[in-house]
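Visitor: Here is what each chain is made of, one letter per residue.
Number of protein chains: 4
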Amino acid sequence: MKIGIVGATGYGGAELLRILQAHPEFSITSLYTSSQQGKNIDEHYAHLTGLFPQKLEEINPKKMAEETDLIFLATPSGISSKLAPELVEQGCSVIDLSGDFRIKNQMKYEQWYKKKAADRFWLEEAIYSLPELNREKVKGAKFISNPGCYPTATLLGLAPLVKKGLLTENSIIIDAKSGVSGAGQSASLATIYSELNENLKVYKVNQHQHIPEIEQMLESLGYVAPITFQTHLIPMTRGIMATIYGNIDTNITKEEIWDIYQQSYSDEPFIRLRKLGNFPTTKEVAGSNYCDIGLDFDERTSRVTIVSVIDNLMKGAASQAVQNANIMFGFDETLGLQFSPVYP
Amino acid sequence: MKIGIVGATGYGGAELLRILQAHPEFSITSLYTSSQQGKNIDEHYAHLTGLFPQKLEEINPKKMAEETDLIFLATPSGISSKLAPELVEQGCSVIDLSGDFRIKNQMKYEQWYKKKAADRFWLEEAIYSLPELNREKVKGAKFISNPGCYPTATLLGLAPLVKKGLLTENSIIIDAKSGVSGAGQSASLATIYSELNENLKVYKVNQHQHIPEIEQMLESLGYVAPITFQTHLIPMTRGIMATIYGNIDTNITKEEIWDIYQQSYSDEPFIRLRKLGNFPTTKEVAGSNYCDIGLDFDERTSRVTIVSVIDNLMKGAASQAVQNANIMFGFDETLGLQFSPVYP
Amino acid sequence: MKIGIVGATGYGGAELLRILQAHPEFSITSLYTSSQQGKNIDEHYAHLTGLFPQKLEEINPKKMAEETDLIFLATPSGISSKLAPELVEQGCSVIDLSGDFRIKNQMKYEQWYKKKAADRFWLEEAIYSLPELNREKVKGAKFISNPGCYPTATLLGLAPLVKKGLLTENSIIIDAKSGVSGAGQSASLATIYSELNENLKVYKVNQHQHIPEIEQMLESLGYVAPITFQTHLIPMTRGIMATIYGNIDTNITKEEIWDIYQQSYSDEPFIRLRKLGNFPTTKEVAGSNYCDIGLDFDERTSRVTIVSVIDNLMKGAASQAVQNANIMFGFDETLGLQFSPVYP
Amino acid sequence: MKIGIVGATGYGGAELLRILQAHPEFSITSLYTSSQQGKNIDEHYAHLTGLFPQKLEEINPKKMAEETDLIFLATPSGISSKLAPELVEQGCSVIDLSGDFRIKNQMKYEQWYKKKAADRFWLEEAIYSLPELNREKVKGAKFISNPGCYPTATLLGLAPLVKKGLLTENSIIIDAKSGVSGAGQSASLATIYSELNENLKVYKVNQHQHIPEIEQMLESLGYVAPITFQTHLIPMTRGIMATIYGNIDTNITKEEIWDIYQQSYSDEPFIRLRKLGNFPTTKEVAGSNYCDIGLDFDERTSRVTIVSVIDNLMKGAASQAVQNANIMFGFDETLGLQFSPVYP
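Residue numbers (full-length UniProt numbering), protein chains in the order written: chain A, 1 to 344; chain B, 1 to 344; chain C, 1 to 344; chain D, 1 to 344.
Same shape as in the complex, but just chain A (with noise of 0.2 Å):
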């Protein structure tokens, strides 16, 4: 199958170049660029040196839809809302990691995102999948919508409680921790290293645009209130941590609640549930697509704290994406996504 990448130069995209030269079904066709027309994707990433023969090419839909097969759109927010459904309309399936297609209320998206909402019509088109929770809307699909990072994390730590009724009413709060790549590849002096490093900020305090995601997929599941959620910025390069708080009022134990994440994820290849006492760290699963998930239910104030961790650009982005193209076509969900994290 042929795949087109827009936004190769991101982080985001370049780990697709990297899982999607060693995919056994997906070849890359061509890298398609805003602004960098012309130029090999190795002077961009050095570390690419030699790997991709083809030029960068700007953006022309048609001119896509009829050399790929698959699009994969590692865009910021803002662009994809108009690029996608002209590809999608061209005949060309469409993978869009950006945010412009998550948010299915057009006004909820405009009021975070501080852009305009995309079409209504594409919004509904447009699949959000975060395979753990809804693969089954994905294969045959034309046009998925990539969950975020902070989501992917928040909503594979919470989903087994909350689709058990499990968690009161208003007492879920997350405590996200992420590392920088997840601002991206873009110069600002908030991201330059001498700020960064051995420092520990928080950010975007109660206005971080990924809140109406994970409430969105969380009311589909069946807890309708809204979330606290915090944002920190760790001194390092990959990882995600979401630190997640609910109260429980029934009578329970520690037993209990991890029967009830072992029952919903025994059968998912990429989540690996700890045992309890056992709590995953970010270099964990770093480079992977693995999601590990470690539990702890605190008798005294009847609180469970879940510690959900990711690759942000892994399965918070670009192995999530390949996981849902391999979903879409057809093939094993764990095609040429079964490698082992990098340690250390």
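No lab work stands behind these hints, which were simulated from the structure alone. There's no promise every hint is true.
Below, simulated DMTMM-like cross-link-like pairs (lysine to aspartate or glutamate); rule was C-alpha separation at most 20 Å, straight line [what the hints assert, rightly or not]:
#, chain 1, residue 1, chain 2, residue 2
1, B, Lys204, A, Asp296
2, A, Lys114, B, Asp298
3, B, Lys114, A, Asp298
4, C, Lys108, D, Asp298
5, A, Lys164, A, Glu333
6, D, Lys2, D, Glu333
Knowing the structure of chain A, use the given hints to seat chains B, C and D on it.
Guide: Just chains B, C and D, lined up with the frame of chain A:
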């Protein structure tokens, strides 16, 4: 005044040396050690090359009390429970930086520290002093128990709201994050560079020994309920951030909450309340005695988020101990502590 | 082919597991350990959770030779000097990643390693193979000594000029820099996070045990003189950079020097020569088997500067060992090693 | 004495503020800026919250000279070439931390800096002062050119041997390594966290503008030959290490070389010569005005290796400027600079 330090080879001890070397009233007379007698401190800490002529001496309470006016105990928990009383009995003033005299309830100490508690008499003699909350008992005292690093950041962040009785029962969650120096200068597989760099860990989930210390002080301020307190290891050397969550049921605005903090702290020389919309980062207090605080209130969830940062080795240990020493001996509380943070 | 690994709990061993898990011809049969028998590898390395069902087994050369076709010895120096010959005698092929069989002169080994040298017979049996320099002896061999990390980066950087005899006698200086994982997964005060983070150290000045290994190979290429080789510990986990200096007395331009490298390496699948004016960084080869090289010649001083980077755990250890294994058994040298670096 | 600072929003400026705030004789009167007039410095540097009441003022040489006794110019190169003479002409003393007045040969300045050189008259007026090498000219001077960070570490490491004429012609190689703060507080793709973390780069190979500054001073000390000087970016914020190599043709021992350094530096308050076998690390001088030096001589190669470390923002910029200011005005050279390094 003649000062002795036990445990100068630890990180807290090293910071005491840095502060006291420049203090106008305190003069370091002697350094004591249980294991490196006869050495010079610069054989252990090359950054101190040439700065301290005295040799490390063995621990001998009688001799220590004769040589010094005040001893700082920068030792691991389990040591000062015996040593501190001996020194006080010999007439020496003591500031204990360990956890041994913080928890006044012996059972709770033994439950959380898994060590034998100090004698009940001495637990009552030792004044727990977080100056901004209870400095009045310190002046003229002979024996001070210096607060833990996490409790300092947490309690300074919570106190104004707790004193007003505004936080809903059982709603306090503290997601705490610390640099690695909090683990001290001790070698273990868990703290080597390759395991912690580019990694993020949660640890001691629902089991951190600072939980009873925080609850004890909250109770004295009027909040009687267990807290949820989870700790994370951040890939940086210094700094603590406590991200604190709590529910407020009464009708209130973020501006009103900010005013409560402003009233509490406007006269405090070492607390810097940030304006609404501005949150402190850990490096902004590095190397200093400051605790910087920012906050927001989310009307969607009726939940306040308070962000409190300190340097764990300074306001969380050494410089707070010197602040207590200043008060003990009637000096200006800021004496020798008015240095700016080191940035970047 | 059935593969066994001794020392899978080290960092080099962990990378062998990652590579071999995805290798199309090699299959990991058994993991051996001197200290953790009966455990699963994921009890030591949580990032491998669920990936390797086999238990760690004790070291028993006879049994190991029966169970496997090839054993990788990823052990500290001093262990394989005995174990490797026993395995080879039992008919098992061996690739030794330790330093025990690299130095062919016993006296030099003992002088630099401060350990007893291996038996002279076996020192001659063990083929030191840095494939780009001497792959011709490897095909069909039974016992390979895999090069050290620093020697790999250094020798690949020096070889083209040395072979041409262009470097002035006694002019080679290598200023080498390594990430901390080179020190292995062992706890000591010198390798804890707080000591190495935000710090830069020189170590083993004029005493590094890789000096005789480099000199031995240089001699075989025609350069007979001692080198200056200093090593620095960089606050990062992975990566080696060798910054190499040498004088050239003949009249030459940088373009001519570059051509010499281009001729030497244009057919090498794992060496990427950068264009003049472009120099590689360590992260640009992280997680891969590449050695990237850049160079410049300064006419003011008649001195060449060559910059050679590798991932110390990969081309400096595990992936180079697999490259050697591919050659040994007649597979394509790049089999299972064609993955892109992991960036950022 | 009334002090003004131009460029307080840079990292060197921030360190000047930290030092001068605590200096017993210098008092910061005014902060000047070309771009942020009317703001308070804590709007740019939150770590300075509450510490400096004065507003940032525009640059007006006449007014500046009236308001202050001494101006520190912590500006990028190309600005003080005009501003410094205007201030001196108005009667104000000036210490310039930029490169504009260091290179006395206009052609060389323009060749290496790619900028227009300062006026010849003022180049001669500006006294280049690295106090340990030429403090005698500074007392009573009105206009000081403060050395660069790399030249400070390099020249202090080389001076004792160079003065003795012991180094072979054309044998000096300096492999220099710097933390990222040397690049200043400016945003570019090359200095964002995700590009530099866990990475190691060489830069400006054979082109660094500090080369002519080092050669100019070496020439004045008697060494007339070009040097090789390569710079590396280390993933840390602060610190410079110069690893210096040179040949010695005369018969000498390492003990004799060490004695030469000891004689040169035994009275220097800010140079700490390490014992043979002991080498300094960058963090051991962080936040201080110290330059720590260690050395070894290898008889195999007749080559000396000298390791010299400083804090690039301190002895490499701000604290050395204050040291020069102390000398200019006849104060004790160590006034306000006797603080210990910040460790860990």
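Visitor: Now tell me if each hint is right for this structure.
Guide: Do the hints match the structure? See the list:
no.	hint	result
1	B/Lys204 x A/Asp296	holds, 11 Å
2	A/Lys114 x B/Asp298	holds, 19 Å
3	B/Lys114 x A/Asp298	holds, 19 Å
4	C/Lys108 x D/Asp298	holds, 17 Å
5	A/Lys164 x A/Glu333	violated, 26 Å
6	D/Lys2 x D/Glu333	holds, 18 Å
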